[in-house]
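Novice: Make the full structure from the sequences, and use the hints.
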Amino acid sequence: MIYLLLSVLSSTIIFVVFRLYKKFGVNTLQAIVVNYFIACTVGFFGYIEGSDFTEVPGESWFPGALMLGFLFIAVFNLAAITTQKSGLSVVAVATKMSVAIPVLFGIFLYNENTGVLKIIGIFLALVAVYLTSIKTEQGISIKTENLIFPLLVFLGSGIIDTSLKYLETSYVSETDVGLFSSTIFATAGAIGILVLLYQAIKGTLKFSYKNILGGIALGIPNYYSIYFLVMALRSNGFDSSTIFTMNHVAIVTLSTLVGILLFKEKLIKKNWIGLALAVISIILVANSAI
1 MIYLLLSVLS STIIFVVFRL YKKFGVNTLQ AIVVNYFIAC TVGFFGYIEG
51 SDFTEVPGES WFPGALMLGF LFIAVFNLAA ITTQKSGLSV VAVATKMSVA
101 IPVLFGIFLY NENTGVLKII GIFLALVAVY LTSIKTEQGI SIKTENLIFP
151 LLVFLGSGII DTSLKYLETS YVSETDVGLF SSTIFATAGA IGILVLLYQA
201 IKGTLKFSYK NILGGIALGI PNYYSIYFLV MALRSNGFDS STIFTMNHVA
251 IVTLSTLVGI LLFKEKLIKK NWIGLALAVI SIILVANSAI
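In this note's numbering, the protein residues as written are 1 to 290.
What the hints contain is simulated information worked out from the structure, not anything from laboratory work. A portion of the hints provided could be inaccurate.
Claimed, not checked - Below, computed lysine to any residue pairings styled on SDA-like, alpha-carbon distance capped at 20 Å:
(1) K266 with F15
(2) K23 with E265
(3) K269 with K85
(4) K22 with L88
(5) K22 with V258
(6) K135 with L88
(7) K85 with L29
(8) K270 with I280
(9) K264 with I14
(10) K23 with F263
(11) K135 with L254
(12) K270 with G259
Specialist: Pasting the structure below:
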């Protein structure tokens, strides 16, 4: 349970950092690229002992780590496009509702328990995510021609979580968790560098040192959000469908509360109902595993 709590806390700090980007005018793409290398470095120097890095390409989990690194930065860019075309609420819903994919994966592939309490809890969790994410009384509106972008964010985010579970279970040893996590971030960072080089060639790249600071501030909690999530998945207390449900809903709940306290965000009635349902869903899902 402690790893799950630490993952939720790390992910909430990421939310705070992203909010501060807007305040200080940080270029999100540049900061994201720096963040990946910082996250990779944290893993290499903090959680990896006695590893021969030249042997990493030969690890059974290496192709999966490369795929995840690509998905990390691809989903980020799709989220940015979705934000521009449909708004932040659409991105928030698409990202967090994607928890349905790894939950179904855990239930059907690993035959995880599906008691009544758990099913009700998962359903309430999805409703809670939707209600806490929308910021207008009218709800979410998406133009038909823009529907593909949140759909890809939904699928990409779900595939990331599902792949983490599959690779962690099938290929990653306990001593390789740090190396596995760092390889994912290194891959994403390398792809990000290629994107920045393309911008430089086009003459659209404008560099600022505050983007490096923003990347450092993001990279540390970003590494731990993945590291602690993988460690939580390895624990014996809860199955993966429970972990993913509690993780996503707890992040939404805590991030919303932090938004109220630190950034004076105003919640509409639907948001408050969503928060209440989020708490109920966590209680139900947690109790179903006892």
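Novice: Now tell me if each hint is right for this structure.
Specialist: Right, here's what the structure says about each hint:
no.: 1; hint: K266 with F15; result: 17 Å, holds
no.: 2; hint: K23 with E265; result: 14 Å, holds
no.: 3; hint: K269 with K85; result: 25 Å, violated
no.: 4; hint: K22 with L88; result: 13 Å, holds
no.: 5; hint: K22 with V258; result: 16 Å, holds
no.: 6; hint: K135 with L88; result: 9 Å, holds
no.: 7; hint: K85 with L29; result: 17 Å, holds
no.: 8; hint: K270 with I280; result: 15 Å, holds
no.: 9; hint: K264 with I14; result: 18 Å, holds
no.: 10; hint: K23 with F263; result: 11 Å, holds
no.: 11; hint: K135 with L254; result: 17 Å, holds
no.: 12; hint: K270 with G259; result: 16 Å, holds
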